[in-house]
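Asker: Protein chains in written order, with this note's numbering: chain A, 1 to 360; chain B, 1 to 306.
Check each hint, because a few of them may be wrong.
[Stated by the list, open to error] Sample of chain B residues facing chain A (criterion: CB under 7 Å; computed from the structure):
#	residue
1	Leu84
2	Leu89
3	Ser95
4	Ala108
5	Val160
6	Leu161
7	Met221
8	Gly224
9	Trp241
10	Ala273
11	Met274
12	Ile281
13	Val285
[Unchecked claim] Just so you have them, the derived chain A footprint on chain B, three or more residues with Cβ under 8 Å:
#	segment
14	59 to 66
15	98 to 104
Since the hints were derived computationally from the structure, they do not count as laboratory data.
From the three backbone atoms N, C-alpha and C, an ideal C-beta is built for every residue, glycine too.
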Amino acid sequence: MIVLEKRPQPSRAWSMSTPLVAVLATMFFGGLLFAALGKNPVEAIETIFWEPLFGEFAFYYRPQLLVKGAPLVLIAIGLSLGFRAGIWNIGAEGQYIMGAICGAGAGLAFYPVEGWFIFPIMVIAGALGGWAWAMIPALLKVRFGTNEILVSLMLVYVAEQLLASVSLGLLKNPEGFGFPGSRNLQSYASAHNAELFEGTGMHWGVVGALIAVIFAYVLLNRHMLGFHIRLTGEAPRAAKFAGVNPARLILFCLGLSGALAGLAGLFEVSGPSGVVSIDFNVGYGFTAIIVAFLGRLHPVGILLAGGLMALTYIGGEIAQSQLGLPAAAIQVFQGMLLFFLLALDLLTNYRIRAARKEVA
Amino acid sequence: MDLTEINPVLLVASLMVAATPLLLAAIGELVVEKSGVLNLGVEGMMIVGAISGFAVSVETGSPWLGFVAAAVGGALLSLLFVVLTQVALANQVASGLALTLFGLGLSALLGQSYVGIKPPSMAELNIPGISDLPVIGPILFGHDPILYLGIALTAAVWAVLKFTRAGLILRAVGENHDAAHALGYKVVRIRCLAILFGGACAGLGGAYISLIRVPQWTEGMTAGVGWIALALVVFASWKPWRVLLGAYLFGGVTVVQLNLQAAGVAIPVEYLAMSPYLITILVLVILSADKSRAPASLGRIFHASH
């Protein structure tokens, strides 16, 4: 008979090592999945995790790692603050879309004027767009006690419809021969979020993600607000007695995560993607949830986890073209990772003991 | 624009069809939440049910086997949730999200070779004479059997929760798991069964979309119905008949907006298409003032230390 015994303190050792164990377990079971799909599991895993970093074409893939990792880290940092306090924003995908629409819209409003001031305005508009979209569930929760999980998620579908609407109407390229989608921001110099150093993949989004990591670290470890966030998550009653204002915390956490997701959307639309189109969003907002948990809701952890997740995206694309591995297999792989992570968390909080059967 | 083309009888009949996936998924989730567990993986279980039902009915040619497979598929996925939340004592919100993300990927993987195929159709109920009656015929007696199963399931859940000992125990576990445990009820076992039931119902609801309502397979075809089902349980204050009412209300919104799209109303298609989600939010806001009906142990982790 096996019993669980609650640890008086969560184990630090396990807390650090569960992500690694989870990654290894996912590699193993992912390998089984790839084998079931008729691929050589070792080759597939190697293609996903090795090829982008040290393979023949690594010079091309390494910059991609930054490009894919930046939005994931940016969004996940925002989400993690809320998750720590038990505030569940799962509509980051919608805030990402709104950031892109508002940011690109602000930039295109100036077309074809060139000027240094255009990109900063776009950045502000993008952040505001995401912030405003996240404020809807935040205000509804504060004012009416509405469940923020459901509202933020419903707003993803609304944002997707808005995206379709603007790419067919408001932001449609007047010189696009009737095709849906906006003007390409990459060919509009003032609005283009270009690489800061040629061939490195380093764009403003990467800089933003790094700043967000540092900001979140300082906030959580050195600031009263960060302490309140942690306190609310770990001991809600104690937080109440300590005079934490829950409404302020909800507005702050949801607003910040919305603004960061909006920024991610803006950097994506003005950089790697270039156009506002119907299929602009590719699920970063949802993958970022995995990133946040994989990074143990810790800023530095999220930075590492974002890199790892970007690796599976790029490796997955390589495996898709070289081995014919279906794109959905990578999605399953990422989902699996979250499963193992949550399951292994047991070891952090509980001790597994063998016990003799007692008479109840 | 021609609103006269919208036939009210057909509207009500198709409203019932549009509501059934929601009803099935929501009634399952109601039982799960009554036992004190919050499973946010409804969307994932639905889409897995949708593809497993679709695949099996295409392979065997029998929609009935398809629905059985959908229920099994949904329940199997919910088994993962059982392992996470009841065995590994993981956070229920995070586990539910994991279930949805995993389910969406898994269904896309399983469904690759089924895109663009037409599934075998299920015969509609046809009672000679009665099903041909004007107005009542198509609304009450002209549907597929699963639609009636949904209504029967609602009645059954209501009766079991209200009148039976099993229902009382389920509610006790959901209201106060420590007290239920002290009385000798197997909290974890009861919750496992409730979660599996919820998974099977969600699977059925998903298959109803892919086999009857649409009917074909496309990636991510549940498009948030699972999340609306979650909202519906809150909307219904955890009462089975109100779930039915709510499902028909949302079904009505969906059908009316589709009819308006078809009739070419001057509102852009995108704005009509977002209306069910906006109305869900609106209803949540109106009803969120009253939280007293929620099971008291909802979402809390149970760990028996003795």
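Asker: Each of the hints needs a verdict: does it hold here or not?
Answerer: Against the structure, the hints come out as follows:
1. Using the Cβ-Cβ criterion of 7 Å, the hint placing leucine 84 of chain B at the interface with chain A is satisfied: the shortest such distance is roughly 5 Å.
2. Given the 7 Å rule on beta carbons, the hint for leucine 89 of chain B holds: about 6 Å separates it from the nearest Cβ of chain A.
3. This hint holds: serine 95 of chain B has a C-beta 6 Å from the nearest C-beta of chain A, less than the 7 Å allowed.
4. Given the 7 Å rule on beta carbons, the hint for alanine 108 of chain B holds: about 4 Å separates it from the nearest Cβ of chain A.
5. The restraint placing valine 160 of chain B at the interface with chain A is violated, with a minimum CB-CB distance near 27 Å, outside the 7 Å limit.
6. Interface hint at leucine 161 of chain B: violated, since its Cβ lies 23 Å from the closest Cβ of chain A, which is beyond the 7 Å cut-off.
7. Violation of the interface hint for methionine 221 of chain B is found here, the shortest Cβ-Cβ separation to chain A being roughly 13 Å, above the 7 Å cut-off.
8. Using the Cβ-Cβ criterion of 7 Å, the hint placing glycine 224 of chain B at the interface with chain A is satisfied: the shortest such distance is roughly 5 Å.
9. A least Cβ separation of about 22 Å between tryptophan 241 of chain B and chain A goes past the 7 Å threshold, and the interface hint is therefore violated.
10. Interface restraint check for alanine 273 of chain B: the shortest CB-CB distance to chain A comes to about 5 Å, inside 7 Å, so the restraint holds.
11. Interface restraint check for methionine 274 of chain B: the shortest CB-CB distance to chain A comes to about 4 Å, inside 7 Å, so the restraint holds.
12. The interface hint given for isoleucine 281 of chain B is met, as the beta carbon of that residue sits about 5 Å from the closest beta carbon of chain A, less than 7 Å.
13. Residue-level restraint check for valine 285 of chain B holds (minimum Cβ-Cβ distance to chain A is 5 Å; threshold 7 Å).
14. With a threshold of 8 Å between beta carbons, the proposed coverage of the segment 59 to 66 of chain B by chain A is violated, since 0 of its residues qualify and at least three are required.
15. Counting residues of the segment 98 to 104 of chain B whose beta carbon lies closer than 8 Å to any beta carbon of chain A gives 5, which meets the minimum of three for the stated coverage.
Of the numbered hints stated above, those contradicted by the structure are hints 5, 6, 7, 9 and 14, listed in ascending order.
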